[in-house]
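Numbering (our numbering) for the sequence shown: 3 to 596.
Quick caveat, the hints were computed from the structure, so don't treat them as lab data. Yeah, the Cβ is synthetic: ideal placement off N, Cα and C, and Gly gets one too. Hints should not be assumed to be uniformly reliable.
[Unchecked claim] FRET-style restraints, in silico, Cβ to Cβ:
no., residue 1, residue 2, range
1, Gln318, Trp89, 40 to 50 Å
2, Phe135, Pro444, 14 to 24 Å
3, Pro444, Arg552, 55 to 65 Å
4, Leu266, Ala136, 51 to 61 Å
5, Phe417, Leu266, 49 to 59 Å
6, Ser15, Trp297, 30 to 40 Å
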Amino acid sequence: MSEARLPSPAIVSQTAVVRLPRWGLWLLCLAYVFPGFIGREPWKTADVRSFAAMQEIAAGRTSAWQPLLAGEPVADFAPLPHWLGAWAIQMLPTSAELAYRLPSLLALAFTLSLTGHAIFRFALLPGAQPVAFAFGGQANPIDYARTLADSGLLALMACLGLAQISHEASPAVFWMLSFAGLMHTLALRVPAEKKRPWFLWGPQWLICLVTLSLSGQPVAAVLAAMGLPAIMLLTRCNTHFGSSEGMQKSRPWLTWLGGLLLALVGLRLTPTLGAWDAPGSDAHGWLVFLKQMTWFAWPAWPLAAWALWRWRHHWQTPHVLLPSGLVLLILLSSVSQDGSDRVMMSALPPLAGLAAFSLPTLKRSFGAWVDWFSLLFFTFCSLAVWVVWISLMTGVPAQPALNVARLAPGYVPEFHTWAFVPALAATIAWTAVVYWRASRHPPALWKSMVIPATGSVLCWLLLMTLWLPLLDHARSYGGLARRLAANVSPTGCVIAWELQPAQTAGLVHQGHLRLLRGSPESKDCEHLVTPPSRVSDARLAAEGWMRVTRVNRLTDNKEGLMLLVRQTPGQTTLDGEVPEPVKAASPDQAENGE
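Whenever a hint applies, use it, and build me the whole structure from the sequences.
What follows is the structure, encoded as structure tokens:
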């Protein structure tokens, strides 16, 4: 039997494509998208760097093409995300910490939408349809496509690596949006019945490539512009390019060429983020990368692997080949950038697409294993969040509160109704979903994705409500910056010497310090801030600097900053204390960050 005549591995009845309630899916998406974007401080390091750069651009204190922060170029600058964030800050200047996240919030929401719609289009293709039964009763094509789209969307939200990075105001969210848009464009380019006009897919293709280039991945944009049209040639769908007459009408090659030219222009204008190096020349580097990928893309990757196996005789069909090509392109980009998990996040939409097509071929035992593993994992995680929170509020049990006091010294727990109510509601909803799944055996294809998706959303929502004050205390530079700023006059300036970009961003936009780039020889300011260093202590003392205070980051004693003041007779700090002279640190003290 030739490959073209091989039957589809998908055997689906109409009873298995019951529609997932729209209200439940919408609530789940809203509960996933909004927590993490609202009500928290910028965290280290990419988040706070982006916030600082957007603030500088919005205030007009630096160039929009080559922004500077305290005299230094902004690390990992990507034009489009920073421009959009700066524009949002200008629109909402009184709510800057919310405004700069709005473009990323919309990018995540559009990513979820484009992923679902792309899977829907792929599932409508003839090669993706299930086997037709001899006496009828097979799944209706529209219902089948809708069910797979819902399942893929649930699989995407269930991925463990998506939660934190996708809720940061960083270029990585726009990379994922671009690749989700490219997948949707490819799905539009291979319609089930007839060619779609150019204006329904061509502009989107160009916009996605431009977005990818201007978001800091111009090399990936060039690879996509060259590789994806080539992969299209391998598909067995005859409606890709059709007859010569169809090609002349749609002129797809003009669009492919235009996209490549735009990507090359972006490569010329946009700095490339990340270091293009392999994750390690030895086996250890690759082992670390594979371990990271294992948890990062769970549970989408095992389902995607199963889909590739079950559809292996149909590998040239668009719904298998095109998402696989996207995943391969993104993984190569991630490996070439030292195994970057931020680049890897872009592979989650096509992986979720492949995972959706595994469900019609999934064995009941494998689906049950995914359910039980997800049930135990997310139940344990949610219980851990609640136990620690209850311990902080009541002191019972005592050990979790003691552990928090040791790991995050200075944290004072407070009860917040705005955090408790949604956390309790989400936990009750999770309990109801678990009871429904355990007490019934629904035939719907999406049943195996409900527990992983709702569990992932529950844990993320609990972290962003019950634990949000603690996480802000531990992961933000705000506390460190405010403690340093308490020793500096509001009208004074501070010389920044050998600070990391994230530290500079935190001091400027969370401590509201006026930083100037310089060295101990600089005479511009009366204060200097620098990381403790045994090499520079003698030099600082020789230049006449006196130590005012040293502040460690709350959860990392090795990450501290030292504030110094220029020595004058009888000078005191703002709190009336005499500054300490700088002393050369011993090797042991320097190693321990003292």
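Which hints, by number, does the structure contradict? Violated hints: none at all, because every hint is consistent with the structure.
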